[in-house]
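Peer 1: Residue strings, one per chain:
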Amino acid sequence: MRMLEENIKTEAPAGGWLNTIECWLNRVFSSLTVVLLLALCGVVLLQVTARLLLPSSPAWTEELSRYLFIYVVAFGIGVAYQQGELVSVELFQSRLRGLSRPLYRMLISLLMLGFCVLMFKPALAFSAIGEFQTSPTLFIKMQFMFVSTLLVFVNLFAYILLDLLRCLQALFKGEV
Amino acid sequence: MEVAVLFISFFGLLLLGLPIALTLGMSSLVYLFISGIPLTVVPQKMYSGIDSFVLLCVPGFILAGNLMNAGNITDQIIRFSNALVGHVRGGLGLANVAGSMLFGGVSGTAVADTASIGSVMIPGMARHGYDKPFAAAVTAASSTIGPIIPPSLPMIIVGTLTGISVGQLFLAGAIPGLLLGLAMMVTCYLLALKRGYPREPWAGFRNLLLAFRRASWAIFLTFLIIFGIVGGFFTPTEASIIASLYALLVGMFVYRGLTWRELPQVLKATGVTTAALMLLVGLANVFGWILTSERIPQMIADAILGISDNPLIVLLIINLLLLLVGSFMETIAALIILFPTLLKVATLVGVDPVHFGIIAVLNLMIGLTTPPVGVCLFVASSIGRLPIAEVTRAIIPFILTNILVLMAVTYIPALSLWLPGLFYGE
Numbered sequence: 001m002r003m004l005e006e007n008i009k010t011e012a013p014a015g016g017w018l019n020t021i022e023c024w025l026n027r028v029f030s031s032l033t034v035v036l037l038l039a040l041c042g043v044v045l046l047q048v049t050a051r052l053l054l055p056s057s058p059a060w061t062e063e064l065s066r067y068l069f070i071y072v073v074a075f076g077i078g079v080a081y082q083q084g085e086l087v088s089v090e091l092f093q094s095r096l097r098g099l100s101r102p103l104y105r106m107l108i109s110l111l112m113l114g115f116c117v118l119m120f121k122p123a124l125a126f127s128a129i130g131e132f133q134t135s136p137t138l139f140i141k142m143q144f145m146f147v148s149t150l151l152v153f154v155n156l157f158a159y160i161l162l163d164l165l166r167c168l169q170a171l172f173k174g175e176v
Numbered sequence: 001m002e003v004a005v006l007f008i009s010f011f012g013l014l015l016l017g018l019p020i021a022l023t024l025g026m027s028s029l030v031y032l033f034i035s036g037i038p039l040t041v042v043p044q045k046m047y048s049g050i051d052s053f054v055l056l057c058v059p060g061f062i063l064a065g066n067l068m069n070a071g072n073i074t075d076q077i078i079r080f081s082n083a084l085v086g087h088v089r090g091g092l093g094l095a096n097v098a099g100s101m102l103f104g105g106v107s108g109t110a111v112a113d114t115a116s117i118g119s120v121m122i123p124g125m126a127r128h129g130y131d132k133p134f135a136a137a138v139t140a141a142s143s144t145i146g147p148i149i150p151p152s153l154p155m156i157i158v159g160t161l162t163g164i165s166v167g168q169l170f171l172a173g174a175i176p177g178l179l180l181g182l183a184m185m186v187t188c189y190l191l192a193l194k195r196g197y198p199r200e201p202w203a204g205f206r207n208l209l210l211a212f213r214r215a216s217w218a219i220f221l222t223f224l225i226i227f228g229i230v231g232g233f234f235t236p237t238e239a240s241i242i243a244s245l246y247a248l249l250v251g252m253f254v255y256r257g258l259t260w261r262e263l264p265q266v267l268k269a270t271g272v273t274t275a276a277l278m279l280l281v282g283l284a285n286v287f288g289w290i291l292t293s294e295r296i297p298q299m300i301a302d303a304i305l306g307i308s309d310n311p312l313i314v315l316l317i318i319n320l321l322l323l324l325v326g327s328f329m330e331t332i333a334a335l336i337i338l339f340p341t342l343l344k345v346a347t348l349v350g351v352d353p354v355h356f357g358i359i360a361v362l363n364l365m366i367g368l369t370t371p372p373v374g375v376c377l378f379v380a381s382s383i384g385r386l387p388i389a390e391v392t393r394a395i396i397p398f399i400l401t402n403i404l405v406l407m408a409v410t411y412i413p414a415l416s417l418w419l420p421g422l423f424y425g426e
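First to last, the sequence lines map onto chains A and B.
Here the numbering used here is used: position 82 in the first sequence is 82, and no number is missing along the way.
Here the numbering used here is used: position 58 in the second sequence is 58, and no number is missing along the way.
Keep in mind that the hints are not guaranteed to be accurate.
What the hints assert, rightly or not - In the DSBU-like style, the derived pairs of lysine-lysine whose C-alpha atoms are separated by at most 35 Å in a straight line are: (1) B/K194 to B/K132; (2) B/K194 to A/K121; (3) B/K344 to B/K132; (4) B/K45 to A/K141; (5) A/K121 to A/K141.
In short, the hints are calculated from the structure, not lab data.
Fair warning: this is a prediction, and the values are worked out from it, not measured in the lab.
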């Protein structure tokens with residue numbers, strides 16, 4: 001009997017395949033965020049030590065650290081959404097009871113998804129502008145930097161969609 | 001007309017409960033759409049909003065705070081604060097405030113302070129006979145001292161936006177921060193007398209010294225940051241990364257609370273918090289750009305100066321405006337959107353920019369502890385498992401204290417300007 005209960009416990013919570021996708025996404029995005037953040041710290045430390053201790057310091061550190069920073073944001077934003085780091089005002093949600101609560105949450109998710117989708121094309125157009133610019137010290141095509149804005153919206157889209165699917169799944173399973 | 005749509009959609013979406021960052025982005029999108037302006041403005045302004053070397057100290061100071069927390073520094077800070085003021089009536093409340101002041105010297109954000117001090121102090125105070133809402137209220141209110149005492153994230157944003165020296169802003173915050181801390185301790189003490197809160201036994205001078213020695217690593221970090229920047233050894237960004245390195249070494253080899261295994265988790269938490277803040281910075285920059293192109297800042301400036309050009313009255317109006325804005329707007333977004341405009345008004349009537357920076361940050365910090373958008377209030381309520389309304393009621397005396405200090409800082413410029421004047425000259 002106890003075995004059965006444990007079996008149910010491990011299988012019942014929302015969605016096997018959703019969990020797998022989320023786990024996979026989390027692993028990839030979190031690792032990238034961590035690696036880039038470490039690199040960022042390394043570059044800034046190199047800048048300080050070079051300036052204070054070496055006769056000349058490299059010119060590219062400032063630029064590289066800025067670029068790493070922007071990609072930390074682009075890769076980290078989805079997980080930030082998932083962990084509730086994006087602050088919002090809660091006036092209605094806590095007062096809703098029963099079915100209205102997940103439905104309301106889904107409506108909000110749909111609005112946000114719409115925003116992300118609408119931003120795909122402008123972000124792509126913005127990155128295209130960067131094709132004709134190169135950065136001053138590293139000579140990178142700015143396209144590779146500007147495309148980070150697209151990544152922000154795609155990343156957010158993926159996580160909001162996951163949230164929405166989870167909500168739907170819970171609704172269909174009658175867990176609400 | 002378009003501006004009206006901008007504001008209506010902003011407030012509408014905000015009240016619906018969408019994240020503030022996305023609310024700024026979506027209302028900007030609606031505006032651009034009906035004005036026929038190309039939507040590429042959104043990614044473009046978003047990118048330029050976060051592409052700044054000074055903003056790099058945001059992850060730096062968050063990382064330093066997270067590392068300190070993982071390395072047991074919070075415990076040492078609380079132990080020292082307790083040994084220092086715990087024996088006064090309402091001592092744990094006073095220790096909570098003192099802990100926030102010390103913690104604020106390491107981390108740059110108030111929310112980090114609420115979370116780390118709160119998770120130890122709120123249950124602890126409740127066990128020792130304090131009302132739980134009071135414990136949560138002290139935690140939330142005192143955490144707002146953190147960003148006044150250097151280092152401070154909001155002041156870095158102010159510096160990034162306007163080119164005011166971050167070093168000067170940091171120094172200018174020191175005395176107002178101490179004053180705010182003292183005022184809150186007095187409030188705590190008076191409430192404790194009235195409600196009969198307990199006092200802890202006096203730990204003895206030896207124990208106090210011992211606790212100080214253990215906590216001194218954290219206190220030293222504050223001085224390292226301030227004098228590193230003020231002395232011109234490193235920029236704020238570099239200081240933040242050096243602080244992280246220091247926190248890593250102290251956490252691992254002095255306090256031994258931090259292990260290599262925890263490091264990825266700490267880095268991940270830092271990256272994620274940074275991403276959330278920067279999305280807000282980026283999209284607030286879009287919103288701010290629209291306001292500027294619609295000449296809204298000019299209109300606000302004219303409206304304020306139309307009422308009076310007496311600096312005392314102008315500052316009073318600006319304070320009221322910022323208090324109002326701070327209560328429903330995130331600090332960083334509010335600074336990006338409003339600070340440059342208000343600074344122009346303030347300097348027109350002869351207020352020093354550094355002084356005004358401190359006034360603005362103080363105002364917005366009060367907003368962190370008031371509904372409807374009071375992040376510290378939310379965090380403290382959730383740690384204490386209390387309804388927000390109860391903590392809100394308990395926090396009122398502290399908000400009044402905060403406002404009193406705000407008035408003092410507003411009308412006595414020397415409180416902010418004396419220290420930077422001493423180091424940087426007039």
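Peer 1: A separate judgement is required for each hint: does it hold in the structure or not?
Peer 2: Hint check results:
1. Straight-line distance between C-alpha atoms of B/K194 and B/K132 comes to about 16 Å, which keeps the hinted pair within the 35 Å bound.
2. Between B/K194 and A/K121 the CA atoms are separated by roughly 62 Å; this puts the pair beyond 35 Å, and the hint is violated.
3. Between B/K344 and B/K132, the direct Cα distance comes to roughly 43 Å. Violation of the 35 Å bound is thereby established for this hinted pair.
4. For the hint linking B/K45 to A/K141, the alpha-carbon distance of about 19 Å falls within 35 Å, and the restraint holds.
5. The suggested pairing of A/K121 with A/K141 holds, with an alpha-carbon distance near 20 Å, which does not exceed 35 Å.
Violated hints for the displayed structure, listed by number in ascending order: 2 and 3.
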